[in-house]
Amino acid sequence: MMEEILDEVVSTEDLKKYEAIYYKEIDANNVKKESTFNYAWCLVRSKYATDIRKGICLLENLFKDGNEKERRDYVYFLAIGFAKLRDYPKALEYVRTFLSLEPANQQVQNLEIVIKKRMEKDGLKGIALVGGGALAVGALVGLGMLLSKK
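Numbered per the UniProt record's numbering, the sequence shown spans residues 1 to 150.
Don't take every hint at face value.
List time: in silico EDC-like cross-link candidates among lysine to aspartate or glutamate, alpha-carbon distance up to 16 Å [to be verified]:
1. Lys47 / Asp14
2. Lys116 / Glu4
3. Lys90 / Asp65
4. Lys64 / Glu34
Since the hints were derived computationally from the structure, they do not count as laboratory data.
Full structure from sequences and hints, please.
Written out as structure tokens, the structure is:
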């Protein structure tokens with residue numbers, strides 16, 4: 001279930017709908033928290049990193065003015081946003097902040113597990129790429145040395 005939330009992509013219709021509501025309220029100089037949150041949540045679920053970053057920015061601003069319950073929601077979705085950007089240390093920071101307030105929250109505990117798994121998986125990919133690159137360089141150097149001896 002948690003894996004899905006990190007892979008979920010917002011529909012174009014939802015993004016356009018909540019974006020229109022948000023900007024209409026900006027034009028009317030009457031932006032509501034709910035509209036900002038809905039738009040931010042859509043942005044965080046985008047497939048584009050720029051949108052995700054914008055959603056994170058909106059959530060961080062909401063967090064500053066939110067009450068305790070709202071802040072918990074914002075922290076949760078901030079963790080998801082940073083995880084989607086593969087900024088796992090920052091995502092885990094938000095997860096741990098949430099768990100310090102609600103240590104028994106199963107949903108957030110599961111999110112922490114998924115983030116750690118992805119962090120490990122991406123780390124192993126990084127190691128494989130670096131290792132593969134080193135092998136290729138070594139092979140080229142060896143080939144160069146072999147050819148230079150002829």
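Evaluated hints:
no.	hint	verdict
1	Lys47 / Asp14	holds, 13 Å
2	Lys116 / Glu4	holds, 15 Å
3	Lys90 / Asp65	violated, 21 Å
4	Lys64 / Glu34	holds, 15 Å
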